[in-house]
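Visitor: These are the residues of each chain, in order.
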Amino acid sequence: MDCKIKNLIKKPRWSPYWVGAGIGVLSWVTFGLMGKALGVSTTMVRAAGALEKIVAETHVLSNDYFVKYFGTAVDPKPVFEWQFALVIMLVLGAFFSAWLSGEKFREEVPRLWEWRFGPSRMLRNAVAFLGGAVLLFGARLAGGCTSGHGISGSMQLAISSWSFFLSMFVAGVVTAFMLYGENGGEHV
Amino acid sequence: MFENFFADPKILMLGAITGFLFGLLLQKGGVTRFNVILGQFLFKDFTVLKIMLTAILVGGIGIYGMRAMGWDVPLHIKNAALVGNVVGGLIFGVGMAVLGYCPGTGVAAMGDGSRHAIFGVLGMLVGAALYAEAYPWMKSEVLGIVDMGKLTLTTASGQSPWWFIAGMLIIALGVFLFIEGWELKKSKYFRE
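Chains as they are written, first to last, in my numbering: chain E, 1 to 188; chain D, 1 to 192.
The set of hints was computed from the structure by calculation and includes no laboratory data. Be aware that a few hints might be false.
Computed list of lysine-lysine pairs in DSSO-like fashion (alpha-carbon distance at most 30 Å, straight line) [claimed, not checked]:
no., chain 1, residue 1, chain 2, residue 2
1, E, Lys-10, D, Lys-139
2, D, Lys-185, D, Lys-44
3, D, Lys-139, E, Lys-77
4, E, Lys-10, E, Lys-104
5, E, Lys-11, D, Lys-150
6, E, Lys-68, E, Lys-4
7, E, Lys-68, D, Lys-188
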């Protein structure tokens, strides 16, 4: 029995079905115990706002979107709330998981990217930065990301979330095929 | 400057534990890897779809189950501002295929050793700040075009949520069987 658990912990990959079920159970905790929906991208707004506040406080306090999350100067809401803690611990959880299975993974430029666009780290980092900006802009326009809309929203049968999920999947497929072509799949 | 900076410690603790386990599951599931995410969009690797559909099913059964047992579990439905949801989703999909991560997996990927994910997360902060600037315009010109409020399949149809959950279960099982069959065939083909 002990040995079985040890093997499971050391195994670098778990069945995606078990992982999905685990994430589903985590959402029971957030909905049932915390009264919240599991999500990530709102924290990016709080973090961006908190950083921007250091240089341009009045600008942030007068922006309607930041006011939604920070409150007003008279009635401020906490910046560091539960989802902020969640996002920081995501890094540690993934790090711990990789350490458990003894994986020493380092990736500067992904294999598929290198096959198509060459080994330049600078290019990859610049495009990753741009991609991240586009990603979050879209998430905030839609009202959530893969976790907040895609998983938490879809499980509640929300129309908004299923609309998001389907459109993001279609756009992802089209973009991936435009970037890497039909033979891209051979290099994943 | 930051009065009231931290939220209630109990809820922070729960958030931290959830985040840690979420990060662990994402890494063990393989979705903290660029190649797995792009593999999904290129129809080469179906890990992302398997994880998401299972999470949706298990989560949905749990939440509607708790409510059916009379527990006070409020729903958190996002507004069906459909133009925003769809256009935002399309922009999101482009960004996800370019970066190779979504926000959650991108943050977790930093802990899994992906260096370029760090730049992706920095870009996310910029994207969030840009959206804050665009928000007044979006609010008046885009988000209001179609806004059906906190609509779900249940409230829209007047039917029990269990019909939809049962339907999702049947569709998901069909999809899983199809994918597993296809993967089995492919692995046999490569062995020969």
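Visitor: Now tell me, hint by hint, if it's right for this structure.
Guide: To see whether the hints hold, each was checked on the structure:
no., hint, verdict
1, E:Lys-10 <-> D:Lys-139, "violated, 49 Å"
2, D:Lys-185 <-> D:Lys-44, "holds, 13 Å"
3, D:Lys-139 <-> E:Lys-77, "holds, 22 Å"
4, E:Lys-10 <-> E:Lys-104, "holds, 13 Å"
5, E:Lys-11 <-> D:Lys-150, "violated, 42 Å"
6, E:Lys-68 <-> E:Lys-4, "violated, 49 Å"
7, E:Lys-68 <-> D:Lys-188, "violated, 54 Å"
Comparing the model with each numbered hint stated earlier shows that hints 1, 5, 6, 7 do not hold.
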